[in-house]
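Work out the full structure, taking the sequences as your base and the hints as a guide.
These are the residues of each chain, in order.
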Amino acid sequence: MSDETTPKWRKDFPIEWGADNYVTRREFTKFLVLTSGATAIGNSYFVVQRYREEHQKFASQQICRVDEIKPGEAKLFRYPTENDPALLIRLSTGELVAYKQRCTHLSCPVQYRAGSDRMECPCHNGAFDAHTGTVLEGPPPRPLPRITLVVENDTIFARGVEGS
Amino acid sequence: MNLKNPRQAHLEQCSQALVTLMIFVMVLLLLQLWLVTVALEEYLAARHGLAIPTFAASCGCFLLNLWLLKYVYDIDRKSGDE
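Protein chains in written order, with my numbering: chain U, 1 to 164; chain W, 1001 to 1082.
Just so you know, these hints were derived from the structure itself, not from any lab.
Note that CB positions come from ideal geometry on N, CA and C, so glycine has one too.
None of the hints are false.
Cβ-Cβ distance ranges computed for the label pairs, FRET-style:
{"hint": "1", "chain 1": "U", "residue 1": "Leu136", "chain 2": "W", "residue 2": "Ala1045", "range": "11 to 21 Å"}
{"hint": "2", "chain 1": "W", "residue 1": "Gly1049", "chain 2": "U", "residue 2": "Pro85", "range": "20 to 30 Å"}
{"hint": "3", "chain 1": "U", "residue 1": "Pro141", "chain 2": "W", "residue 2": "Ala1009", "range": "51 to 61 Å"}
One-sided and incomplete, this derived list gives chain W residues near chain U with beta-carbon spacing under 8 Å:
{"hint": "4", "residue": "Val1019"}
{"hint": "5", "residue": "Val1025"}
{"hint": "6", "residue": "Leu1028"}
{"hint": "7", "residue": "Leu1029"}
{"hint": "8", "residue": "Gln1032"}
{"hint": "9", "residue": "Leu1033"}
{"hint": "10", "residue": "Tyr1043"}
{"hint": "11", "residue": "Ala1045"}
{"hint": "12", "residue": "Ala1046"}
{"hint": "13", "residue": "Leu1066"}
{"hint": "14", "residue": "Leu1069"}
{"hint": "15", "residue": "Asp1076"}
Anything over 10 Å on all C-beta distances counts as not near chain W; from chain U, calculated:
{"hint": "16", "residue": "Lys11"}
{"hint": "17", "residue": "Gln61"}
{"hint": "18", "residue": "Asp67"}
{"hint": "19", "residue": "Phe77"}
{"hint": "20", "residue": "Arg78"}
{"hint": "21", "residue": "Ser107"}
{"hint": "22", "residue": "Arg118"}
{"hint": "23", "residue": "Pro122"}
{"hint": "24", "residue": "Glu137"}
{"hint": "25", "residue": "Arg146"}
{"hint": "26", "residue": "Thr155"}
Structure, rendered in structure tokens:
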């Protein structure tokens, strides 16, 4: 039917009544495929984040001199940014380790307990092994991110974050 | 006895075929949503091992959906021809 012979009501209502079910299902299927594409694009966000975190560059930051921290002591510093509190710990064995201070449960600051060589979160009684950062007890779902330390000329430097 | 005209019967057939396609598309979409939740859970746990596999699987589902969409257009063309 040409445009001129088509009545006005047919132009306003181009779908015949019998085809109603068919048309709505067809449009809904197309919408579902569009949503499927959007979901796939949404999933790419995690790939981008993975790439960004893998290629993140950490600056070297001086923390303190080795003789400023004795076995069983901890020192607070901030790394890699001013908003990231971290703990430098000299274990009872003399080994130096550093972790981010935020508990992996709900980000409360963890505290070092020298006697037991563990870090405890006072909010929900979570505890981490100070030697490895692994969870000993409580609700934290994963270990504390560890900060890579380098000692040069008796000075301790932070050089990166593992497992952030 | 309810006798339908051929056009009406054909449209109903097309509708049924569309419902079948729609169910496949829906299942694939649900699978994709599950993949997104898996990737999100991994991301929140600071692990990234599943980011690429879930993305690849999600893209696979989308391509499969596009392939199914081709049949939607095929049905559309046939229903328009008759």
